[in-house]
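The sequence shown lines up with residues 1 to 368 when you count with this note's numbering.
Hints should not be assumed to be uniformly reliable.
[Unchecked claim] Listed next, the in silico DSS-like pairs over lysine-lysine satisfying Cα-Cα at most 27 Å (straight line): (1) Lys-107 - Lys-134; (2) Lys-184 - Lys-107; (3) Lys-184 - Lys-134; (4) Lys-107 - Lys-198; (5) Lys-139 - Lys-198; (6) Lys-184 - Lys-198; (7) Lys-334 - Lys-282.
If you are wondering where the hints come from, they were derived from the structure by calculation, not from laboratory data.
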Amino acid sequence: MADSNFFLAAEFAGTGAHPASWRRADSRAEELFTGGYWVDALTAAENAGVDAVFLPDSFELQPGGAGATRGRLDAVAIAARVAARTHRIGLLPQAPVTHTEPFHLSKAIASLDFATLGRAGWEVTVSATEEQAKAFGRKDVQDADALWHEADEAIEVVTRLWDSWEDDAEIRDVPTGRFIDRDKLHYIDYAGDNFSVKGPSITPRSPQGQPIVAVRADDPASTAVAVRRADLIRITAADLDEARTRRTELRTALVAADRDPDQVGVLLDLDIHLAESDAAAKDELAQLNQWSVQEAHGLRHLGTAATLRALLEELADGIDGVVLRPLALPTALKHLAAAPPREARASTTLRDRLGLTRPVSRYAVSAA
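Kindly produce the complete structure, drawing on both the sequences and the hints.
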């Protein structure tokens, strides 16, 4: 990214990324489906200096059977609930594209950008399972290539709709009674394999112009879309060397796609469990795994807030940022809150914080 500052994000999944985290006495599981739980979690993260929070979502129950946390609130709705109670932190809900319409997604994320005064983003996900397909009953399960081809088209539609109002389309001219300049609203006239959308959006251009788009690069199909479309690319790696190699590969692919690699951030997922000591963190994870075993995928840190900060300093040499994934969320936030907070950033929007330029509407350019 153009900004040399290390980007610190987190992903808040229910009571934690570990499926048995709800069984801890401090889990607040009884409050999981309340607005207060999420307000407390997001404000604690903001106070600790976290730059942005990803909010997972899906159209199926979490895996793991009866022993795992089950049930979800809508991620965009959670972000909207906490928007007015936060001031600096970026909010990036996941929103699947496979069984939803891009027109609705564009409006929801643009509205969130207005509600947060420019702190919104969208993590693009797909729905790959039969359970999710049956929840809608409109089409069969698709393979990865088909899913991500559809996602690629959905992102194109959403970003065109975000551009369909020019920045100065609202004129509010009381003498003539004209609220908008109709010449500054544009049909997007998109026709692809999965969508045919005329537009324009019914929502004005939001504070960031285009909210931040994030994509996980988990396989060749999703990686190709991430390289073409994402402002933030999420990766998993076993260690720092692998993460650095992956970032180099992605930056090379961005250049080949005629994109500026300094305008795209590569974020490494980092599972964490924090306790009073390294030994206590390991013992507490052992207890979680006795309740429900979770295999480790990618880099993991078990320790204290102080040892985590030392690791983050090491990771800052070779990666643009991390996404902390607390295995037990409330206890992680408690330990982060007790440590000296990370210095707050002065930027006003998520795009500013990332050091990314505000895009000009493609239709304003073409109409000029």
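*Can the restraint linking Lys-139 and Lys-198 be considered satisfied, given a maximum Cα separation of 27 Å?*
23 Å, holds
_Run the distance test for Lys-107 versus Lys-134: straight-line Cα separation, threshold 27 Å._
Measuring from Cα to Cα gives roughly 26 Å; hence the hint holds.
*Straight-line alpha-carbon gap Lys-184 to Lys-134, limit 27 Å*: Distance of about 41 Å is beyond 27 Å: violated.
*Starting from Lys-184, check that the Cα of Lys-107 is at most 27 Å away, please.*
18 Å, holds
*Distance restraint between Lys-334 and Lys-282, which requires alpha-carbon spacing of 27 Å or less*: Given pair Lys-334, Lys-282 holds - Cα atoms ~17 Å apart, limit 27 Å.
*CA of Lys-184 to CA of Lys-198, is that 27 Å or under?*
Satisfied, since the Cα-Cα distance of roughly 15 Å is no more than 27 Å.
*Would you mind confirming whether the straight-line C-alpha gap from Lys-107 to Lys-198 stays at or under 27 Å?*
15 Å, holds
Comparing the model with each numbered hint stated earlier shows that hint 3 is the single one that does not hold.
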